[in-house]
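Chemist: Letter by letter, the chains look like this.
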Amino acid sequence: EAEVAQSPRYKITEKSQAVAFWCDPISGHATLYWYRQILGQGPELLVQFQDESVVDDSQLPKDRFSAERLKGVDSTLKIQPAELGDSAMYLCASSTLAGLMYEQYFGPGTRLTVT
Amino acid sequence: AQSVTQLGSHVSVSEGALVLLRCNYSSSVPPYLFWYVQYPNQGLQLLLKYTSAATLVKGINGFEAEFKKSETSFHLTKPSAHMSDAAEYFCAVSDPGNAGKSTFGDGTTLTVKP
Numbered sequence: 120e121a122e123v124a125q126s127p128r129y130k131i132t133e134k135s136q137a138v139a140f141w142c143d144p145i146s147g148h149a150t151l152y153w154y155r156q157i158l159g160q161g162p163e164l165l166v167q168f169q170d171e172s173v174v175d176d177s178q179l180p181k182d183r184f185s186a187e188r189l190k191g192v193d194s195t196l197k198i199q200p201a202e203l204g205d206s207a208m209y210l211c212a213s214s215t216l217a218g219l220m221y222e223q224y225f226g227p228g229t230r231l232t233v234t
Numbered sequence: 161a162q163s164v165t166q167l168g169s170h171v172s173v174s175e176g177a178l179v180l181l182r183c184n185y186s187s188s189v190p191p192y193l194f195w196y197v198q199y200p201n202q203g204l205q206l207l208l209k210y211t212s213a214a215t216l217v218k219g220i221n222g223f224e225a226e227f228k229k230s231e232t233s234f235h236l237t238k239p240s241a242h243m244s245d246a247a248e249y250f251c252a253v254s255d256p257g258n259a260g261k262s263t264f265g266d267g268t269t270l271t272v273k274p
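Residue numbers (our numbering), protein chains in the order written: chain A, 120 to 234; chain B, 161 to 274.
These aren't lab readings, by the way, just hints derived from the structure by calculation. Even glycine gets a Cβ: it sits at the ideal position worked out from N, Cα and C. Any given hint might turn out to be false.
What the hints assert, rightly or not - Each computed SDA-like pair below joins lysine to any residue, with the alpha-carbon atoms no more than 25 Å apart: (1) B:Lys261 <-> A:Leu165; (2) B:Lys261 <-> A:Gly147; (3) B:Lys218 <-> A:Glu120; (4) B:Lys261 <-> A:Val192; (5) A:Lys134 <-> B:Asn201; (6) B:Lys261 <-> A:Ser146; (7) A:Lys197 <-> B:Lys261; (8) B:Lys261 <-> A:Leu179; (9) B:Lys261 <-> A:Asp143; (10) A:Lys130 <-> B:Asp266; (11) B:Lys261 <-> A:Glu122; (12) B:Lys229 <-> B:Gly168; (13) B:Lys261 <-> A:Val173.
To be verified - Calculated from the model, a selection of chain B residues having no Cβ within reach of chain A, i.e. all distances over 10 Å: (14) Gly176; (15) Leu178; (16) Val189; (17) Lys218; (18) Glu224; (19) Glu226; (20) Lys229; (21) Thr232; (22) Ser233; (23) Ser240; (24) Met243; (25) Ala247.
Start from the sequences and build out the full structure, keeping to the hints where you can.
Modeler: In structure tokens form, the structure reads like this:
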């Protein structure tokens with residue numbers, strides 16, 4: 120069964136350092152999402168791509184976060200510089216517009232700890 | 161704007177007992193509704209979805225949910241809890257008119273006692 124791949128699974132970094140996460144969606148899925156999930160809360164959308172275009176990045180802290188999906192396939196989320204409050208799980212998900220169901224398939228996530 | 165409220169951040173049941181996890185939503189348009197399950201240090205897995213077809217939706221692992229428009233609810237149930245059901249459950253609402261942007265509730269942690 121096709122899955123969303125994410126790496127790394129775990130990342131520990133010091134504050135003020137740069138960190139990057141990678142996501143490879145299910146083949147053929149045009150829509151890709153990055154979420155941040157703080158412990159004890161539900162996922163919060165950071166950015167949504169449709170192919171290589173950003174559809175929604177209203178909740179992305181653009182002074183330190185950036186996201187790209189250059190060829191409309193895999194995607195990278197970067198934080199520079201990292202802050203203590205960025206410690207969270209970062210989830211990637213993908214979906215297809217087929218039937219307009221928007222059912223999302225999630226990757227295993229990257230657990231970020233900023234020290 | 162759409163929102164989701166999950167009543168009860170923690171629910172505890174005995175093995176074999178009924179599971180009921182509550183979800184209320186607000187949306188300006190007929191929404192799509194989803195329940196996801198998350199095990200520790202893993203991503204979310206879809207349990208079931210409502211997309212304006214039958215109001216009673218059956219999902220995986222014996223779970224089902226009923227869409228009640230008059231109550232703006234989409235509660236998740238399972239007749240008999242199993243130890244393996246212990247996890248965190250998220251309700252989500254998606255606006256089909258806004259590129260499917262989804263809003264998630266804060267989750268309910270289900271504990272199953274032997």
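Chemist: Of the numbered hints stated previously, which ones are contradicted by the structure, given in increasing order?
Modeler: Violated: none.
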